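Chains A and B are the protein sequences, given in the same order.
The letter at position 77 of the first sequence is residue 77 when you use the working numbering, and the numbering goes up by one with no holes.
The letter at position 21 of the second sequence is residue 137 when you use the working numbering, and the numbering goes up by one with no holes.
Just so you know, these hints were derived from the structure itself, not from any lab.
All of these numbers come straight from a predicted model, not from anything done at the bench.
Be careful, since some hints might not be right.
Derived DMTMM-like pairs: lysine to aspartate or glutamate, alpha-carbon spacing no greater than 25 angstroms straight-line [to be verified]:
| hint | chain 1 | residue 1 | chain 2 | residue 2 |
| --- | --- | --- | --- | --- |
| 1 | A | 73 | B | 217 |
| 2 | A | 73 | A | 15 |
| 3 | B | 157 | A | 55 |
| 4 | A | 70 | A | 55 |
| 5 | B | 154 | A | 55 |
| 6 | B | 156 | A | 22 |
| 7 | B | 156 | A | 26 |
| 8 | B | 138 | A | 44 |
| 9 | B | 152 | A | 55 |
| 10 | A | 3 | B | 160 |
| 11 | B | 135 | A | 22 |
| 12 | B | 135 | B | 217 |
| 13 | B | 156 | A | 56 |
| 14 | B | 169 | A | 56 |
| 15 | B | 157 | A | 56 |
| 16 | B | 156 | B | 168 |
| 17 | A | 3 | B | 168 |
| 18 | B | 125 | A | 44 |
| 19 | B | 152 | A | 56 |
| 20 | B | 156 | A | 55 |
| 21 | B | 135 | B | 168 |
| 22 | B | 154 | A | 56 |
| 23 | B | 157 | A | 26 |
| 24 | B | 125 | A | 22 |
| 25 | A | 73 | B | 160 |
| 26 | A | 70 | A | 15 |
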Amino acid sequence: AQKITQTQPGMFVQEKEAVTLDCTYDTSDQSYGLFWYKQPSSGEMIFLIYQGSYDEQNATEGRYSLNFQKARKSANLVISASQLGDSAMYFCAMREGKTGRRALTFGSGTRLQVQP
Amino acid sequence: DTEVTQTPKHLVMGMTNKKSLKCEQHMGHRAMYWYKQKAKKPPELMFVYSYEKLSINESVPSRFSPECPNSSLLNLHLHALQPEDSALYLCASSQGSAVLEQFFGPGTRLTVL
């Protein structure tokens, strides 16, 4: 079964507008972490934002915010005031806690294109 | 220094060659990872090293052989690869005991002819 689901293969947004990238997850762990990474065409994975399962407030990092709805098991990324440089692949990822496994499980990704 | 470096950036090799990928970090991280990413797919975990010991091997074929000579360095030795092994190989590191972000290197684009 998919642990991380990103249902939007591609998204378009106008420059300066906000966009939401969807992510749902599946875990039976109480302790886990959710991450969003950006991957430009160059290939490097750039960390954007992190949300811990026990964090009561939604995470924010500059123009990035994470809409964390624990009961619905969703962790959507909101990018405000989109810029042309935001065009990239975006991956949602999860690290589960119970096995001590530190590796990340990634969703299939969403390709975001920002239009001028 | 919050950087993970990987060399080489690009590698083309034949199926009979032996080559190595190198990854280095100087952030004092005690966990290091190899991921494989095929085109238009998410990264998939290959190996995890924790405190210089191999802790996870995701059933990777033996033609891939990881090595962690010290806490800053991670190698991936390649031998007798197949064309389907062509991919972007990403190295990452993280602190050993907290649920914090993994820092990724820029990757090595491998082509097997």
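Checked hints:
For the hint pairing residue 73 (chain A) with residue 217 (chain B), the CA-to-CA distance comes to about 20 angstroms; that is within 25 angstroms, so the pair holds. Distance check on the hinted pair: residue 73 (chain A) and residue 15 (chain A) sit about 29 angstroms apart at the alpha-carbon level, beyond 25 angstroms; violated. Our distance criterion of 25 angstroms between C-alpha atoms is broken by residue 157 (chain B) and residue 55 (chain A), whose separation comes to about 30 angstroms. Taking the CA atoms of residue 70 (chain A) and residue 55 (chain A), the gap is about 10 angstroms. The hint holds against a cut of 25 angstroms.
Of the supplied pair hints, the one linking residue 154 (chain B) and residue 55 (chain A) is violated, its CA atoms being roughly 33 angstroms apart against a limit of 25 angstroms. Between the alpha carbons of residue 156 (chain B) and residue 22 (chain A) the distance comes to roughly 18 angstroms, so the proposed pair stays at or under 25 angstroms and holds. A hinted pair counts as satisfied when its Cα atoms are at most 25 angstroms apart, and residue 156 (chain B) with residue 26 (chain A) qualifies at roughly 23 angstroms. For the proposed pair residue 138 (chain B) and residue 44 (chain A), the alpha carbon gap of about 16 angstroms is at most 25 angstroms, so the pair holds.
A hinted pair counts as satisfied when its Cα atoms are at most 25 angstroms apart, and residue 152 (chain B) with residue 55 (chain A) does not qualify at roughly 31 angstroms. Proximity of residue 3 (chain A) to residue 160 (chain B) is assessed by CA-CA distance (about 13 angstroms); at most 25 angstroms being required, the pair is judged to hold. A C-alpha spacing of about 39 angstroms is found between residue 135 (chain B) and residue 22 (chain A), which places the hinted pair above 25 angstroms, so the restraint is violated. In summary, the hint linking residue 135 (chain B) to residue 217 (chain B) is not supported, as the alpha carbons are separated by about 29 angstroms, beyond the 25 angstroms threshold.
Distance restraint check for residue 156 (chain B) and residue 56 (chain A): the Cα-Cα separation of roughly 34 angstroms exceeds the 25 angstroms cut-off, and the hinted pair is therefore not satisfied. Distance restraint check for residue 169 (chain B) and residue 56 (chain A): the Cα-Cα separation of roughly 35 angstroms exceeds the 25 angstroms cut-off, and the hinted pair is therefore not satisfied. A threshold of 25 angstroms between alpha carbons decides the hint, and for residue 157 (chain B) with residue 56 (chain A) the separation of about 32 angstroms lies outside it, so the pair is violated. Only pairs whose Cα atoms come within 25 angstroms are accepted, and residue 156 (chain B) paired with residue 168 (chain B) is rejected, the gap being roughly 31 angstroms.
Restraint check for residue 3 (chain A) and residue 168 (chain B): not satisfied, since their Cα atoms lie roughly 28 angstroms apart, outside the 25 angstroms limit. Restraint check for residue 125 (chain B) and residue 44 (chain A): satisfied, since their Cα atoms lie roughly 11 angstroms apart, inside the 25 angstroms limit. Distance hint between residue 152 (chain B) and residue 56 (chain A) is unfulfilled; the C-alpha atoms sit about 34 angstroms from each other, more than 25 angstroms. Taken as a hint, the residue 156 (chain B) and residue 55 (chain A) pair is broken in the structure, with Cα atoms around 32 angstroms apart against an allowance of 25 angstroms.
Using a Cα cut-off of 25 angstroms, the hinted pair residue 135 (chain B) and residue 168 (chain B) holds, with the two alpha carbons roughly 21 angstroms apart. The hinted pair formed by residue 154 (chain B) and residue 56 (chain A) fails the criterion: a straight-line CA distance of about 36 angstroms is larger than 25 angstroms. Simply put, residue 157 (chain B) and residue 26 (chain A) have alpha-carbon atoms about 19 angstroms apart, close enough for the 25 angstroms limit, and the pair holds. This hinted pair does not check out: residue 125 (chain B) and residue 22 (chain A) have alpha carbons roughly 32 angstroms apart, beyond 25 angstroms.
Of the pairs offered as hints, the one joining residue 73 (chain A) and residue 160 (chain B) holds, with about 22 angstroms between alpha carbons and a cut-off of 25 angstroms not exceeded. Between the alpha carbons of residue 70 (chain A) and residue 15 (chain A) the distance comes to roughly 30 angstroms, so the proposed pair goes past 25 angstroms and is violated.
In terms of the numbered hints stated before, the structure departs from hints 2, 3, 5, 9, 11, 12, 13, 14, 15, 16, 17, 19, 20, 22, 24 and 26, listed from lowest to highest.
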